[in-house]
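K.L.:
Could you build the full structure based on these sequences and the hints that come with them?
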Amino acid sequence: MTLDEIKEILQAKVLTCDSDMSIEVEGSCSADLMSDVLAFSTPGVLLITGLVNDVVIRTAEVATIKAIVFVRGKKPKRETVALAERKNIPLLATNLSMFEACGKLYEKGLRCRVNMGKMKV
Amino acid sequence: MQGEHGKNESVETLEGVFFITGKDFANAGVASIELKAILEKRGLNHDVIRRAAIAAFEAEINVIIYTPAGMMRYKITPDYLKVVVEDMGPGIEDVELAMTEGYSTAPDYVREMGWGSGMGLPNIKKNTDELKVTSTPREGTILEFIIDFKKRSNT
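Residue numbers (the working numbering), protein chains in the order written: chain P, 1 to 121; chain L, 1 to 155.
Just so you know, these hints were derived from the structure itself, not from any lab.
If a hint is listed, it holds; no wrong ones were tucked in.
Here are a few chain L residues that face chain P, going by a calculated C-beta distance under 10 Å:
1) 29
2) 33
3) 111
4) 115
5) 119
A quick note: this is a predicted structure, and the numbers were derived from the prediction, not measured.
By construction, the Cβ of each residue, glycine as well, lies at the ideal position given by its N, Cα and C atoms.
P.N.:
What follows is the structure, given as structure tokens:
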């Protein structure tokens with residue numbers, strides 16, 4: 001799924017300048033806990049989160065996340081957006097809740113791409 | 001956070017150190033991202049770089065969450081990356097327990113920032129080929145990991 005399609009589905013705004021919206025993501029990972037993103041995400045996915053600080057951008061860079069969608073109408077500071085632009089990580093923002101955003105993307109065919117290893121209840 | 005690099009630079013082996021300040025959540029990840037850039041410059045494969053950066057980030061955030069300060073030394077040889085993270089305490093009472101997925105002693109304010117889900121040490125183990133944690137309660141912890149460039153990915 002391309003970022004353009006994701007933007008359309010979530011009625012999202014693109015926060016970063018000059019982002020390539022034709023980029024394809026291979027799946028998605030949604031979490032507010034950055035430790036879980038580091039532990040469970042797989043390369044090349046979309047991150048859906050409600051956390052909007054610089055550490056999200058750094059986590060995305062370390063975990064090779066392709067793009068980030070902020071949910072619940074949250075917007076990062078200008079400096080955080082600038083950091084993402086330098087790192088070439090497109091940022092989108094939607095007013096939808098995490099649940100709704102994930103639901104809509106799932107409905108259109110985007111799938112969860114996390115690696116939970118041996119974690120079991 | 002500031003780094004010193006290229007102290008012992010040669011074509012074969014590269015060593016350096018980053019200093020990490022406790023509670024400096026705003027700069028969490030800066031050292032690991034610099035290390036990632038150094039590994040990229042060495043032309044290592046993406047899987048190795050990703051695993052190294054994730055393991056380093058987890059170790060870095062542990063220093064920030066739990067200790068007053070620490071340092072992260074790295075050594076990159078043609079065959080492996082070795083990272084040694086040494087901190088100023090307070091040390092880990094039960095290292096084996098700390099290695100359990102989901103076990104965390106992080107305070108609530110740390111969890112609210114998106115950390116402290118008890119996945120740090122297990123995630124370092126998952127992403128590296130060797131991990132050694134030596135801790136003396138009230139003194140400090142030395143965490144060492146190695147990523148062997150010739151071994152397969154285990155993620």
